[in-house]
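K.L.:
Residues per chain are reported as follows:
Number of protein chains: 2
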Amino acid sequence: MNFLEERIIKDGAVKPGNVLKVDSFLNHQMDIELMDKMGEEFYNRFKDAGVTKVLTIEASGIAIACSVARCFGVPMVFAKKSKSVNIDGDVYVAEVESFTHKNVNKVIVSKKFLNPEDKVLIIDDFLANGCALQGLISITESSGAEVVGLGIAIEKGFQIGGRVIRNLGYKLESLAIVEEMDAEKGTVTFREQ
Amino acid sequence: MNFLEERIIKDGAVKPGNVLKVDSFLNHQMDIELMDKMGEEFYNRFKDAGVTKVLTIEASGIAIACSVARCFGVPMVFAKKSKSVNIDGDVYVAEVESFTHKNVNKVIVSKKFLNPEDKVLIIDDFLANGCALQGLISITESSGAEVVGLGIAIEKGFQIGGRVIRNLGYKLESLAIVEEMDAEKGTVTFREQ
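Chains A and B, in that order, give the protein sequences.
If you use the working numbering, the first sequence corresponds to residues 1 to 193, in order.
If you use the working numbering, the second sequence corresponds to residues 1 to 193, in order.
Be aware that one or more of the hints could be misleading.
Stated by the list, open to error - Calculated cross-link-like contacts (lysine-lysine; reagent style DSSO-like; alpha-carbon spacing at most 27 angstroms): (1) B:Lys102 x A:Lys81; (2) B:Lys15 x A:Lys106; (3) B:Lys37 x A:Lys106; (4) A:Lys37 x A:Lys106; (5) A:Lys47 x A:Lys37; (6) A:Lys81 x B:Lys80; (7) B:Lys119 x A:Lys80; (8) B:Lys47 x B:Lys102; (9) A:Lys37 x A:Lys112; (10) A:Lys21 x B:Lys10; (11) B:Lys15 x A:Lys15; (12) B:Lys112 x A:Lys15; (13) A:Lys21 x B:Lys21; (14) B:Lys119 x B:Lys102; (15) B:Lys185 x A:Lys106; (16) A:Lys80 x B:Lys37; (17) A:Lys111 x B:Lys111; (18) A:Lys37 x B:Lys112; (19) A:Lys80 x B:Lys47; (20) A:Lys10 x B:Lys15; (21) A:Lys80 x B:Lys102; (22) B:Lys47 x A:Lys37; (23) A:Lys10 x B:Lys119; (24) A:Lys106 x A:Lys47; (25) B:Lys185 x A:Lys112; (26) A:Lys106 x B:Lys106; (27) A:Lys21 x B:Lys112; (28) B:Lys15 x A:Lys81.
Hints were generated in silico from the structure; no laboratory data involved.
As the structure is a computational prediction, the values presented were derived from the model and not from experiment.
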């Protein structure tokens, strides 16, 4: 087990409905040392990709993305969730369905911050059905920039998102892939990587 | 002028309606080196306050708060904006009015992450009318924890928020206080500190 898998076992909690609570260190209270360790790990996995920008989506991806961007010495851009129906022409837009909140968000990135020369590393905390990542890929490619990789803290391996993105040919690296969770026993099983 | 004021002059843009756009380095695309410099500056200003936790609100406060928390070696907690009417009993809640989006958000922090022993440093990117900060103060004090300080990147000194919070007796430090902006001339005047 790697450091993130160990931490999930130690401090994560399995709730009914395949919910994995990691809010004490990853997406509500943040352990900055852990963020930095993840940043270094993603740097090692993507250091030859020529990354010029790290892209994430608000809110809980931001902390990890900061640590990653620091390792690469590049700016971090976060996509914003927008409720406005009227989006002006200066932004790239994608629609992202949220299963947690049962709604569709418009997600936007200003055109100023992505350009055709950019090699973009997309970072997020969770991957389940993959809607958020697909939105970030779509926004990046709309700008003419290249998605050189995707780095995820925790992937729910029993949901479809990871498979779809790998099938599309992207280099997707997840630090922990949950294969199975049992809320009654409180157990988590990780995929061997 | 300090490093942040210089950066605002260099890369900020003044728009009609007292809007200061700093999205190329502070709240959409983030300059991580600048975040870290702000982190160090807040550390210097609050290093004797016994800070045990850094609290911010999603989304654009998160990056600065991470850099601050790293300097102190403490966890960072971010308050979440919640659309749910039904909030369970495990969270502290405050209502925060947004003038930008013309709505009221419920802002929540899980009770697990604030306790009476905590000495909390509240961090945010912008201070205008102060509603968000008041919500974070209210949440912190609901938990029995102490607000030992508030650190803001950019305060709009011509709006009421900063005065109210200082009048209440809190130690509020803003790295840049904008006294005046002129959209036609594109000028920004800072308060001497």
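K.L.:
Each hint should be assessed against the structure and marked as holding or not.
P.N.:
Taking the hints in turn, this is what the structure says about them:
A C-alpha spacing of about 16 angstroms is found between Lys102 of chain B and Lys81 of chain A, which places the hinted pair at or below 27 angstroms, so the restraint holds. The suggested pairing of Lys15 of chain B with Lys106 of chain A holds, with an alpha-carbon distance near 24 angstroms, which does not exceed 27 angstroms. For a cut-off of 27 angstroms, the pair hint linking Lys37 of chain B to Lys106 of chain A is broken: about 33 angstroms separates their Cα positions. At most 27 angstroms may separate the alpha-carbon atoms for a hinted pair to count; Lys37 of chain A and Lys106 of chain A exceed this at roughly 31 angstroms.
Only pairs whose Cα atoms come within 27 angstroms are accepted, and Lys47 of chain A paired with Lys37 of chain A is accepted, the gap being roughly 15 angstroms. A hinted pair counts as satisfied when its Cα atoms are at most 27 angstroms apart, and Lys81 of chain A with Lys80 of chain B qualifies at roughly 14 angstroms. Under the criterion of a C-alpha separation no larger than 27 angstroms, the hint pairing Lys119 of chain B with Lys80 of chain A is inconsistent with the structure, at around 31 angstroms. For the proposed pair Lys47 of chain B and Lys102 of chain B, the alpha carbon gap of about 36 angstroms is over 27 angstroms, so the pair is violated.
Of the supplied pair hints, the one linking Lys37 of chain A and Lys112 of chain A is violated, its CA atoms being roughly 30 angstroms apart against a limit of 27 angstroms. A hinted pair counts as satisfied when its Cα atoms are at most 27 angstroms apart, and Lys21 of chain A with Lys10 of chain B does not qualify at roughly 43 angstroms. Distance restraint check for Lys15 of chain B and Lys15 of chain A: the Cα-Cα separation of roughly 47 angstroms exceeds the 27 angstroms cut-off, and the hinted pair is therefore not satisfied. For the given pair, Lys112 of chain B sits about 17 angstroms from Lys15 of chain A by alpha-carbon distance, which is consistent with the 27 angstroms threshold.
Distance hint between Lys21 of chain A and Lys21 of chain B is unfulfilled; the C-alpha atoms sit about 36 angstroms from each other, more than 27 angstroms. Distance check on the hinted pair: Lys119 of chain B and Lys102 of chain B sit about 32 angstroms apart at the alpha-carbon level, beyond 27 angstroms; violated. Distance check on the hinted pair: Lys185 of chain B and Lys106 of chain A sit about 34 angstroms apart at the alpha-carbon level, beyond 27 angstroms; violated. As the CA atoms of Lys80 of chain A and Lys37 of chain B are separated by approximately 24 angstroms, the hinted pair is consistent with the 27 angstroms bound.
Proposed proximity of Lys111 of chain A and Lys111 of chain B is contradicted: the alpha carbons are some 39 angstroms apart, above 27 angstroms. Between Lys37 of chain A and Lys112 of chain B, the direct Cα distance comes to roughly 24 angstroms. Compliance with the 27 angstroms bound is thereby established for this hinted pair. Between the alpha carbons of Lys80 of chain A and Lys47 of chain B the distance comes to roughly 33 angstroms, so the proposed pair goes past 27 angstroms and is violated. Our distance criterion of 27 angstroms between C-alpha atoms is broken by Lys10 of chain A and Lys15 of chain B, whose separation comes to about 49 angstroms.
For the hint linking Lys80 of chain A to Lys102 of chain B, the alpha-carbon distance of about 17 angstroms falls within 27 angstroms, and the restraint holds. Taking the CA atoms of Lys47 of chain B and Lys37 of chain A, the gap is about 25 angstroms. The hint holds against a cut of 27 angstroms. Pair hint Lys10 of chain A plus Lys119 of chain B holds up; C-alpha atoms about 26 angstroms apart against a cutoff of 27 angstroms. The straight-line distance between the Cα atoms of Lys106 of chain A and Lys47 of chain A is roughly 31 angstroms, outside the 27 angstroms bound, and the hint therefore fails.
About 23 angstroms separates the Cα atoms of Lys185 of chain B and Lys112 of chain A, which keeps this hinted pair within 27 angstroms; it holds. With a CA separation close to 21 angstroms, the supplied pair Lys106 of chain A and Lys106 of chain B stays within the 27 angstroms bound. Restraint check for Lys21 of chain A and Lys112 of chain B: satisfied, since their Cα atoms lie roughly 13 angstroms apart, inside the 27 angstroms limit. A threshold of 27 angstroms between alpha carbons decides the hint, and for Lys15 of chain B with Lys81 of chain A the separation of about 22 angstroms falls inside it, so the pair holds.
Consistency note: the structure conflicts with the earlier hints numbered 3, 4, 7, 8, 9, 10, 11, 13, 14, 15, 17, 19, 20 and 24.
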